Structure formats: structure tokens, C-alpha cells
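Asks: Below, each chain spelled out in residue letters.
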Amino acid sequence: MSSSIESLVNKEYAYGFVTDVESDTIPRGLTEETIRLISAKKNEPEWLLDWRLKAYRRWLTMTEPHWPNVTYAPIDYQAQTYYSAPRSVKPLQSLDEVDPELLKTYAKLGISLTEQKRLTGVAVDAIFDSVSVGTTMKTELAAVGVVFCSFGEAVHSHPELIKKYLGSVVPYSDNFFAALNSAVFSDGSFVYIPKGVKCPLELSTYFRINAADTGQFERTLIVADEGASVSYLEGCTAPKRATNQLHAAVVEIIALDDASVKYSTVQNWYAGDKDGVGGIYNFVTKRGKAQTNAKISWTQVETGSAITWKYPSVILQGDNSVGEFYSVAVVNNRQQADTGTKMIHIGRNTRSTIISKGISAGQGQNSYRGQVKVLPKAEGARNYTQCDSMLIGNACGAHTFPYIEVANNTATLEHEASTSKIGEDQIFYCKSRGLNAEHAISLIVAGFCKEVFKELPMEFALEAQQLLGISLEGSVG
Amino acid sequence: MLKISDLHANASGKEILKGISLTVNAGEVHAIMGPNGSGKSTLAQVIAGHPGYEVTGGTIEYDGKDLLDMEAEERAQAGVFLAFQYPVEIPGVTNAYFLRAAFNELRKARGEEEVDPMEFLDIMEEKLKLVEMDATMMQRSVNAGFSGGEKKRNEILQMAVLAPKLAVLDETDSGLDIDALRIVAGGVNALKRPDNATIVVTHYQRLLDYIVPDSVHVLAGGRIIKSGGKELALELEAKGYDWLLEPAGV
Ligand SMILES: Nc1ncnc2c1ncn2[C@@H]1O[C@H](COP(=O)(O)OP(=O)(O)O)[C@@H](O)[C@H]1O
Ligand SMILES: [Mg+2]
Numbered sequence: 001m002s003s004s005i006e007s008l009v010n011k012e013y014a015y016g017f018v019t020d021v022e023s024d025t026i027p028r029g030l031t032e033e034t035i036r037l038i039s040a041k042k043n044e045p046e047w048l049l050d051w052r053l054k055a056y057r058r059w060l061t062m063t064e065p066h067w068p069n070v071t072y073a074p075i076d077y078q079a080q081t082y083y084s085a086p087r088s089v090k091p092l093q094s095l096d097e098v099d100p101e102l103l104k105t106y107a108k109l110g111i112s113l114t115e116q117k118r119l120t121g122v123a124v125d126a127i128f129d130s131v132s133v134g135t136t137m138k139t140e141l142a143a144v145g146v147v148f149c150s151f152g153e154a155v156h157s158h159p160e161l162i163k164k165y166l167g168s169v170v171p172y173s174d175n176f177f178a179a180l181n182s183a184v185f186s187d188g189s190f191v192y193i194p195k196g197v198k199c200p201l202e203l204s205t206y207f208r209i210n211a212a213d214t215g216q217f218e219r220t221l222i223v224a225d226e227g228a229s230v231s232y233l234e235g236c237t238a239p240k241r242a243t244n245q246l247h248a249a250v251v252e253i254i255a256l257d258d259a260s261v262k263y264s265t266v267q268n269w270y271a272g273d274k275d276g277v278g279g280i281y282n283f284v285t286k287r288g289k290a291q292t293n294a295k296i297s298w299t300q301v302e303t304g305s306a307i308t309w310k311y312p313s314v315i316l317q318g319d320n321s322v323g324e325f326y327s328v329a330v331v332n333n334r335q336q337a338d339t340g341t342k343m344i345h346i347g348r349n350t351r352s353t354i355i356s357k358g359i360s361a362g363q364g365q366n367s368y369r370g371q372v373k374v375l376p377k378a379e380g381a382r383n384y385t386q387c388d389s390m391l392i393g394n395a396c397g398a399h400t401f402p403y404i405e406v407a408n409n410t411a412t413l414e415h416e417a418s419t420s421k422i423g424e425d426q427i428f429y430c431k432s433r434g435l436n437a438e439h440a441i442s443l444i445v446a447g448f449c450k451e452v453f454k455e456l457p458m459e460f461a462l463e464a465q466q467l468l469g470i471s472l473e474g475s476v477g
Numbered sequence: 001m002l003k004i005s006d007l008h009a010n011a012s013g014k015e016i017l018k019g020i021s022l023t024v025n026a027g028e029v030h031a032i033m034g035p036n037g038s039g040k041s042t043l044a045q046v047i048a049g050h051p052g053y054e055v056t057g058g059t060i061e062y063d064g065k066d067l068l069d070m071e072a073e074e075r076a077q078a079g080v081f082l083a084f085q086y087p088v089e090i091p092g093v094t095n096a097y098f099l100r101a102a103f104n105e106l107r108k109a110r111g112e113e114e115v116d117p118m119e120f121l122d123i124m125e126e127k128l129k130l131v132e133m134d135a136t137m138m139q140r141s142v143n144a145g146f147s148g149g150e151k152k153r154n155e156i157l158q159m160a161v162l163a164p165k166l167a168v169l170d171e172t173d174s175g176l177d178i179d180a181l182r183i184v185a186g187g188v189n190a191l192k193r194p195d196n197a198t199i200v201v202t203h204y205q206r207l208l209d210y211i212v213p214d215s216v217h218v219l220a221g222g223r224i225i226k227s228g229g230k231e232l233a234l235e236l237e238a239k240g241y242d243w244l245l246e247p248a249g250v
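Line by line, the protein sequences give chains A and B.
Each residue of the first sequence is one higher than the one before, starting from 1 at the first, in this note's numbering.
Each residue of the second sequence is one higher than the one before, starting from 1 at the first, in this note's numbering.
Bound conformation, chain A alone:
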């Protein structure tokens, strides 16, 4: 039994190749000069440089958090490279001008930046190391007033929106990694959906780390104006390298009155080898603020990274606002994940749902950490939390850290938790019906993750299926 489980969870990382492009990479190390250099490379206005510098100075006073249930060697922030971009990428280039090497890279990752992408109804922004390579379907989106472009481009095209919302949900002082990101962030995506517009396409950003010893610090900002709605997808991969690479992203979502934002992630950064050498350190701050009747829904499938530290959260500011968090986190070999969410109930009749599925294999350690906080004015707030862990083998671990703070006694909170092991009996039962062990495990794991997978948009459900080696058809839906 164990050999078949191993072969399933130890599928070779398929995205570990390196693209040979000439890069413009700045020297290692982090000083005010580094930040000025990044800002200058991006031709940024003064106000943004000032904001970065404030963040940097704040960062200098902060210490790296060590409360997550993960262990790793100290990070030398001066040994990192904070900016690297393929030389061939020109500012505001059109897709026809994109370097064929880069197009090939994305094609290998299953992302087509060329015309055929139209067929699938998805617009893509492709981020390669520190810059955006290009964004597809821009004209189609512009026709309905949707802005979807790289962050760097938005700084120039929509400075008033950036000024208004940048740091409004995750201030630069929020935490160590958010401060670092605010100081050195390179690129990312910007989305604006105007009042009452239902975005006609799925928006998708694909993040690729290529350069060695380079951190990726992307910044994503999504603003859904009153009554607007959008579904946004994010995918991530990186080459196999023996050194750890830092990824410290910030994602901010603003959902104004009656707006709805669905944010889905399939995170498949390189996880390191079976002995825990190499892999991405994934330290990410994701948070949304929901105004009256607004809804923010996070769905994540986390399969990669050596270390994951990530708590996509929702501030339920407005009355009747809704926050959701659906998560599948898989750890194998020496991977460590400390992930979960925060649901902060401020408005009346605010509702939140948390469904977390942790799968641990090999010597992986998986922690769910979740906070539900109900503030005094949150009359009638409701939360439902379900937190399930599945263990494959005997050397892995699953941990749960729920934090509950309730300051309004009309609130209703429900919490359910379970831990199970993939049983030999379940596998044998499937085998006795003609399914081989791999199929059996896929089926059992898919069943376990069902409530989360059904939240994913179709294309991502398929990617998640491939990632977990899972046959989803029919068992999810």
C-alpha cells in the first residue's frame, strides 16, 4: 500500500525547468539604494517611492515572525536579489512583441498567451520574475470598462485608484513580510471592475519565478466597485533549485457595497527535494475588505513550497457581508505549511464559512491556524468552521490552532474538526471493485477535498486534479 501512496504523492515536479533568458538583475542586498533603484527601473512617481521608503524604514524596526509552526534556517535578507527582469521585456509592450522564449515558457506551463486563449474565456497576466510579460484580452475587457493590467502599468494609467487603495487593506506596517513586500514589490496584477459590471471573463495571473537567488515580491490589488463581480485565478510555479527562494506577496481585495470577488489560487511553487533541499519560502499576506452586502471568497489549493505561511482573510466591515475560505493544503516529504484564515466580523449579520482540508504525507507538517473574531457591533454574526486533516503514512503531522474571540453574545459559531488516516481498508475496498491503488487513493483524496474543489472554477479544478493526481469527474459537483 505504502509504495503506491508514495508513487502518487511523489510525482515528479513537472515545472522545474529553467528558461534561458538574458536578465537585468540588480546586485544582491537591500538598502534604501536598492529601493530607489527598483522604483527608478519602474519609472515610478515620487509618492510611490516615498511609500516604499516608509515601508522599508518600518521593516527595519520589525522582526521576522516565529510563531508559525514551521522551522527553517535563518534567512539572510542581504543575500537575496530583489529585482530581476528579462531584458527582452519592454515597458507596455504588446503581446506580439513578447520574446518567443517567454511565450514558450508559458506554453510549457500550459498557459497560452497567444490568440487561442480566447477560446477558454480567460484573460491572463503573466508575471515572470519581477515583471509582467503581457496581459491578454485587454480590448475585450476595456469594452466593459474592466481594467486588468500589471501593477506597474496601473501606477501610470490609474494612479488615483492605486493611491486610494494601495495599503488600504494590508498597510505596509501590517507585518514583517508585508512591510518587506511594500518596500521592494516589483510587479503583480491590478484589477478594477466598475460599478455594476459583472466581469465577462475569468481573470488569471500566472506567476513564474525563473532567476536564481531572486525573491519574488508581487503585489496584487483588486477593486470591485459597487455591485461589481469578478472571479480571479492565480497560479504559481518555479524551477527546481537547491537553494531556497523567497516569495513574499501581498494581495489586497476591496469589495465595495454589493460587490462580489472570488479569488482562487493553485499554488505549486517548487517544494524542495525529498530531503528538504531547496524550495520556495512562501510568506504571503492576503486580505480582503467587504463592505455592505459584499462577498469575498478565497479558495486555495496549496501543493507546493518548502514552507507556506499564508492566511487569506476577510474583514467583514459592512452589514450582511460574507467571507469564505476554502482550502486544500498538501504537504509531503519535508514540506511545512502553516495556513488558515482570519474572519473579522465588524458589521451586523456578517457571515463567514471556513472549510480547511489538510493532507499530510511523507514527513510533511501541516498546520491549520484560523481566527474568528466577532466585534461588539457584529449583531447576529455567524461563522461555520470545518477543519479536516488526512494523514497518509506515519511520519507526517497535522495540527490545528483555532482562535476564537467573541465580543457580541448574539453571534453563532460552529466548529467541527476531524483527523483521519487513509485506511488500508478503504484502499482494499476499492481494489476489490477493480480499481488499482493509485486510482483508489485519488478517489479517496478527491472525496476528502470535495467541498473545496467544487468551489474552484473549472480550469483550475482540472489543474488541481492533475496536481493531486486526482480523478475528479463526477465525484465533485
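Certain hints may be false.
Claimed, not checked - SDA-like mimics (lysine to any residue), calculated; alpha carbons at most 20 angstroms apart, straight line:
#	chain 1	residue 1	chain 2	residue 2
1	A	K421	B	A144
2	A	K421	B	P51
3	B	K108	A	E438
4	A	K454	B	Y86
5	A	K195	A	N244
6	B	K108	A	N436
7	A	K421	B	Y86
8	A	K454	B	K108
9	A	K421	B	K108
10	A	K421	B	A96
In case anyone wonders, no lab produced these hints; they're calculated from the structure.
All values reported here derive from a predicted model rather than from experimental measurement.
Given chain A, work out where chain B with the ligands should sit, using these hints.
Replies: Just chain B with the ligands now, with coordinates in the frame of chain A:
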């Protein structure tokens, strides 16, 4: 069809089957009876290929093949079916999906085309009637939250859909009320063909009122201590097992 010769098997290092020989021909129904803990389920699981049991001696020949050399799924694909004494729950996987996956694996093994969900629905409809199961059961997770009777009926449904050559029913009658018993037995009888065979493991004679066996075997202490015709079951019903156990040294 099935020839078991001097089969020995261990679980957790302890010998449970201590030399079992049994021949089952196509078209036959064999009943295996015996006290609790005598090794009936172990025999059933060894036939199906449970990896938790170690076969330490003997052979099992099935359709001219060495059954013990086959993986559990290969046995299923070759037409062996076990209705579990304790059917296993698979949360989140619908009964319909599970059964279609199994059905298609068996078809693939025979070199036939897989069926799509719509075609499968048609196949299911008739089989559901046979075991008087509601179609809504197909949308529930495999065995999860099923009552004891529902689980047993679900096993027979799977058997009906997978149409095995050799079916082993492990105490499918236990815990069933008389109506459910009739349904289960009716299902088994309806599936009986000259080219398939059934081994019915049971505790009670009452199932054998509905499924009439060609042979009855008494398994005790890991051995078959007596075999006979269907009248043996009635004798056991009247006298219990003790009169057999002592002379057999169990
Ligand atoms: N996996 C196992 N490990 C250890 N002992 C087992 C195992 N399975 C069965 N046994 C033991 O083997 C004997 C026969 O069990 P079983 O085949 O289930 O009997 P029956 O089905 O006739 O009631 C019992 O004593 C039981 O405790
Ligand atoms: Mg038994």
C-alpha cells in the same frame, strides 16, 4: 472454477486458516457456516486478495489461473467479487461515481469501451429495482451514514452491476430484517447463471431458505470440519455446532 487446496493463512503472525480445501464449480452455490471467529471472513478476504493476510501455504486456482499471484484489482477484473461483512465508507465520493468507476475498470480489463454517466444511469435503473433501492442513494457518499441494511443492499447492488463470475457473500444476511433478507436473496437468485458461482458465508440457516445451496461446509478453527448437502444446514440449525467441534478437535 475455484479450487482451493490446503490453504494456510496468517494475520498478525497468527495462523487463522489451517489447511482449507474447497472446490466450487460453475453453476454451484456453496454455503460456508461456522461459529464466530472460525475464519470465515478471513477465507473470504484471502480469496479477494486482502494484503493484511499472509498466505503461508496452499494454492487457489481460479479459472485456470493462480489467484494468489494476482493483485486484488486483477481478481476483481477477472470476475471475483466480495460482498463485505463490514462495507467500507468513502466520504465525499458518490455511490454513482464509485460504481461507475468500478464498472468501467472491469470493462477496460475486458477490452470494452467505458460507459459515460448517462449510459450508466440506464444500467443502474434496472439494478436498483432489483434490490429495491431508491435512486437517491446513488448520490450519497459510498456507505457513509448508511444503515446496516442499506450497506448490505448496496453490496448486492454492486454485485448486480459488476456481474461477477464468482461472488463471495460474507454474512450479507447478518443484521437484516426479513424483508431485507428476501430482497438480498432475491437479488442473488436473480443473478444466478450456469456460468457463475456463489459462496455464501452465513451464520444462520434462514438465508438458506431463500438461497438454496448445492453444498454446505462447516468451518471451525480454521479448517473445514464437515461438508454435506443442503440438509446439513438444517441439522446445524437443530443441533448447533458443538457435536461437530469436539470430534474434530476444535
Ligand atoms: N487482521 C487480523 N489480525 C489479527 N487477527 C485477526 C485478523 N483478522 C481476523 N483475525 C482473527 O482470526 C480469527 C478469525 O476471524 P474471522 O475470519 O473474522 O472469523 P469469522 O468471520 O468466522 O467470524 C479471529 O480469532 C479473529 O480475531
Ligand atoms: Mg466474519
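Asks: Could you run down the list of hints and mark each one as holding or not?
Replies: Okay, the hints, checked on the actual structure:
Distance check on the hinted pair: A/K421 and B/A144 sit about 16 angstroms apart at the alpha-carbon level, within 20 angstroms; holds. Taking the CA atoms of A/K421 and B/P51, the gap is near 17 angstroms; set against the 20 angstroms cutoff, the hint holds. Restraint check: the Cα-Cα separation between B/K108 and A/E438 comes to about 16 angstroms, which is no more than 20 angstroms; the hinted pair holds. The straight-line distance between the Cα atoms of A/K454 and B/Y86 is roughly 30 angstroms, outside the 20 angstroms bound, and the hint therefore fails.
Between A/K195 and A/N244, the direct Cα distance comes to roughly 43 angstroms. Violation of the 20 angstroms bound is thereby established for this hinted pair. Taking the CA atoms of B/K108 and A/N436, the gap is about 12 angstroms. The hint holds against a cut of 20 angstroms. Restraint check for A/K421 and B/Y86: satisfied, since their Cα atoms lie roughly 18 angstroms apart, inside the 20 angstroms limit. Pair hint A/K454 plus B/K108 does not hold up; C-alpha atoms about 28 angstroms apart against a cutoff of 20 angstroms.
Distance hint between A/K421 and B/K108 is unfulfilled; the C-alpha atoms sit about 30 angstroms from each other, more than 20 angstroms. The suggested pairing of A/K421 with B/A96 is violated, with an alpha-carbon distance near 24 angstroms, which exceeds 20 angstroms.
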